[in-house]
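Here the protein sequences line up with chains S and F, keeping their order.
All residue numbers for the first sequence refer to the numbering used here, where the first residue is 4 and numbers rise by one.
All residue numbers for the second sequence refer to the numbering used here, where the first residue is 68 and numbers rise by one.
Certain hints may be false.
Simulated pairs of lysine-lysine, PhoX-like, Cα-Cα distance not exceeding 20 angstroms [said to hold, decoys possible]:
#, chain 1, residue 1, chain 2, residue 2
1, S, K58, S, K81
2, F, K124, S, K105
3, S, K105, S, K81
4, F, K150, F, K124
5, F, K138, F, K124
6, F, K138, S, K105
If you're looking for bench data, these hints aren't it; they were derived computationally from the structure.
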Amino acid sequence: AQTVTQSQPEMSVQEAETVTLSCTYDTSESDYYLFWYKQPPSRQMILVIRQEAYKQQNATENRFSVNFQKAAKSFSLKISDSQLGDAAMYFCASDYTGANSKLTFGKGITLSVRP
Amino acid sequence: DGGITQSPKYLFRKEGQNVTLSCEQNLNHDAMYWYRQDPGQGLRLIYYSQIVNDFQKGDIAEGYSVSREKKESFPLTVTSAQKNPTAFYLCASSSWTGGLNQPQHFGDGTRLSIL
């Protein structure tokens with residue numbers, strides 16, 4: 004079984020600054036994926052970044068990077084140089100790597116960006 | 068362009084009525100999924116299908132039914148047994164490549180409301 008916890012319901016950041024969104028998870032699997040998805044007001048789910056648990060190196064995608072602490076079961080998302088278009092709900096999620104994909108989502112965090 | 072098409076965008080249900088939400092994908096993905104999203108909540112899995120003519124219940128399957136007669140299509144029926152159907156419904160699909168799950172792709176969603 005998998006569980007994902009996002010304990011902060013809302014965060015705010017000044018444009019051009021850096022913000023970190025927190026996530027903790029629990030799983031009985033030895034290998035798994037972790038994701039951050041972005042959901043803007045249009046409600047479309049957009050994959051931001053993916054981390055494979057067996058990789059020690061933290062994933063990065065342009066202004067987005069993660070801090071993956073496997074022993075602590077922590078998976079935070081850092082957004083650098085925040086832009087107005089980053090304002091959205093962000094969901095942390097986990098999934099199996101094996102044949103039966105089954106995404107488990109946290110409750111999400113609403114990020115607002117102040118101009 | 069390949070993608071997932073959900074229709075309609077908005078749907079209204081009368082008391083005691085069954086309604087069907089459409090989900091079509093042209094990504095040649097084997098697996099398809101239905102999620103429900105309530106305000107302030109993450110996505111919860113309703114049903115999923117790994118191959119044609121086979122599907123499994125997710126975490127909140129009661130009051131819903133699905134079919135998977137074609138690889139491209141995975142319609143969701145919200146039955147009159149679902150007493151609280153008002154929610155945003157998202158369909159997703161994924162592939163199995165190189166022995167590993169690939170990230171799920173999402174449609175744009177259907178908003179279902181009770182009249």
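So, going through the hints one by one against the coordinates:
For the given pair, K58 of chain S sits about 18 angstroms from K81 of chain S by alpha-carbon distance, which is consistent with the 20 angstroms threshold. For the hint pairing K124 of chain F with K105 of chain S, the CA-to-CA distance comes to about 11 angstroms; that is within 20 angstroms, so the pair holds. Restraint check for K105 of chain S and K81 of chain S: the C-alpha separation of about 25 angstroms exceeds 20 angstroms, so the hint is violated. For the proposed pair K150 of chain F and K124 of chain F, the alpha carbon gap of about 18 angstroms is at most 20 angstroms, so the pair holds.
Restraint check for K138 of chain F and K124 of chain F: satisfied, since their Cα atoms lie roughly 18 angstroms apart, inside the 20 angstroms limit. Restraint check for K138 of chain F and K105 of chain S: the C-alpha separation of about 18 angstroms stays at or below 20 angstroms, so the hint holds.
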